[in-house]
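Q: Each chain is listed here by its residues.
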Amino acid sequence: MKIRVRFTKSGPMKFIGHLDVMHFFQQLLRRSGIPIAYSTGMSPHQIMSFALPLGIGLESVGEYMDIEIHEAAPSLQAVECMNRHSVEGIEILSFKALPEGALNAMASVTAADYEVGFREGFPPSFDLSAAMTGLFERDSVTVLKKTKKSEKETDIKPLVYSFEAFKDRLLLKLSCGSVDNIKPELVMKALYGYHGTELCDYALRIKRLDMYTGERDELRSLDSIGNDIDDQGDNNRV
Amino acid sequence: MRRLALSDEILLKTDKPVRYIGNEVNSVIKDKAEVDIRFAICFPDLYEIGMSHLGIQILYSMFNSWDDVWCERVYSPWIDLAETMKKEGIPLFALESQEPVRDFDFLGITLQYEMSYTNVLQILELSGLEFYAKDREDNDPILICGGPCTYNPEPVADFFDIVYIGDGETRYRELFDLYKKYKYDPAGYDRKAFLRAAAKLGGIYVPSLYRVEYETDEPDSLIRSFEPVSDDIPRIIKREVCMELSGASYPLKPIVPFMKVTQDRVVLEIMRGCIRGCRFCQAGMIYRPLRERSLETLKSFAVQMLESSGQDEISLSSLSSSDYSKLPELIDFLIEYAKDNKLNISLPSLRVDVFSLDVMSKVQDVRKSSVTFAPEAGSQRLRNVINKGLSEEDILEGCKTAFLGGWNRIKLYFMLGLPTENEEDMRGICDICDEIARLYYDLIPKEERKGRVSIAASTSFFVPKPFTPFQWAAQGTKEEFLEKARFVNSEMKGKLNSKSIKYNWHDAGVSVLEGALARGDRRLSKVLVRAYEKGACFDAWTETFHEETWLEAFEETGVSLDFYTKRERDVSELLPWDFIDTGISRGFLVREWENARTERVTPNCRRQCSGCGARAFGGGVCYED
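Chains B and V are the protein sequences, given in the same order.
Just so it is clear: in the first sequence, position 114 is 149 by the numbering used here, and no numbers are missing.
Just so it is clear: in the second sequence, position 320 is 313 by the numbering used here, and no numbers are missing.
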């Protein structure tokens, strides 16, 4: 049975990297007694995958992990049990059974919501709303995007699906996933570049709010794909 | 949410910020208002090294099991963060509360290896504490140390208020009860009085209450006397020994780090001590007698620890695991458990014989793992000198079984610079390696080979340690060490099967410094401070060790490095550590030193008692039938 788990990553946990998150969940599942399935072969590992890595320093209330379990486990108990064995900063929000044939989170994620705020002492020195509107009125929004091998001038306008600007924060809906991935930091780099102001590295506080699947105009939260599992009175060690 | 001591900005600029945030599964948070004693326990190296140390986990869990104590952890900040902390005036903090170490009642530092001493100074500096005990204030934490280096604490004695010698399980409750008496005294807290009272408990050395006198003021003068300042302070300090290991405290809820640490598994200490009596080995002497934990205890511990941590790998820890009397039963239990629970089993320190190879093939991927021998010396003659009871036949038989079982990687550990060593002994190292390669090619037909056999030989340089029969031996110089390594290297290259053999050797400069600190006296503390002031830190790490800094520190303080390393001591000499009683008699060590030089082998404890003195502890292997 394939399960999608939604969890948060906040507070001190924003300093642990993606591999550490995986490691943490491997051990959390063992502590909780969730009947996770293992791969076969010489070095069996838990069948687990994550939607999208989160950069160090970012918080999130919309992280997703897909796992495979070999016995049904009621959602309410699974969430409660995992939280009991977790730490401050990583909270399990839901535990849902995916329908037959559903793509895993990594393969299905296409967009994400971000909230960009500012740390104390580093407020934006200009009108965010006016600047964002002005920037995205242009036909294209080019910014220097660094990849592993090189730097490339990229037009990010088609990857910014929508935004909402407030006095002290921005909400961004961005394309993400394996095909067209864009990070909120890059949008901010473009914005500050447009305004001609230097962006201090540590000025931003970014929080991922949720992740989506589907086409740009028909986005569905990854959380909406599965369903809660009822208590079936099974003899599970949770 | 808990507030972190370091700002987001600093953490994001620092390498691996996860080292400094705490919050791990099974880390303990208490209300500081509800406890009487706050203890900061420190491993003076990086988090990933310190978190792999079992001793700290044992004490952490024991201290926190007491309602009146809250124990938190401290590790050395890496150089980048240490710089920032000094610049910004951020005091060193404990991981759990994120509060300054300076506010604690005790700061306990474990001394596992001499090259960590400059890190001890870094911990003190970052905590805002004076290096020397005499300069510290009444309300500063009591600085206490433990671990194997306490068997000669003299080079760092002037820094510590208390040195705890021996097993940590036994004496801390008494020490804490005593401390509380003084802390809550209506007349006020008298630090000196507390230390005086502590000095009379067993296993506790208070350096400030002992005076050392030297023959002259010259750097090469011997110790004339070592005396307590008054008659009520014990002249000799007996090491603490926990005889009942099965009932002793053990971390059944080990802290689980977020990041990958060196030892990322549940560790089961199956026994303490060793019966083999290898003459160079300090651990084999200072942890006598061999004491086992019962099979039932270990099974119960294993299950509880795996369940509370969620770890998927377990390791058996002891000096020589093959000597655990119930090893087959324990391993069968773990293999059975592993079937249902996807567990990896790691088995270091196993003798290479048919039994262990059979076990290893069940728990490891034979293609990826190697079989390890530690002959330490290249010839039977020299192995007899060091009492390492491993014959060439044992090695070749073991390799034969391994090769037939599918292994093709062999690791061999040797030492250079052992007492009485000659060229023939060194050539023997290369001969054994070549023999093993030849055995492989003779035994395994070409069609069945999975490539070349891979033989990795490495040599460390001999460092004489206190409380071993070799504590009087002369140590080689750096030049002598390097010459030996070069000799072995060129001989190795000349072997028929040299393409199958890889040889590497340790840093000679570090080995000599380790030698000086291991057998040093109080005159070395100023060398340590000078070296640290000149930038020495993380000396156990190759990339940050700068030999020049140390040599200059010796020069500038007028202390002779050679005096501590090159000299062979006369058995009548008063050694800096003679005030400690390990329970192993001086007579035994002298006999063994003599036996070494006449190449006589001493049988292991189970074969025949050699009267080392450990029998007086009333248990362990001395009383096994």
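Honestly, I wouldn't trust all of these hints.
Derived, one-sided and incomplete: chain V residues facing chain B with beta-carbon distance under 7 Å [to be verified]:
id, residue
1, I14
2, N16
3, P93
4, M252
If you are wondering where the hints come from, they were derived from the structure by calculation, not from laboratory data.
No residue lacks a Cβ here, since even glycine has one placed at the ideal position from N, Cα and C.
Q: What are the numbers of the hints that this structure violates, sorted from low to high?
A: 3
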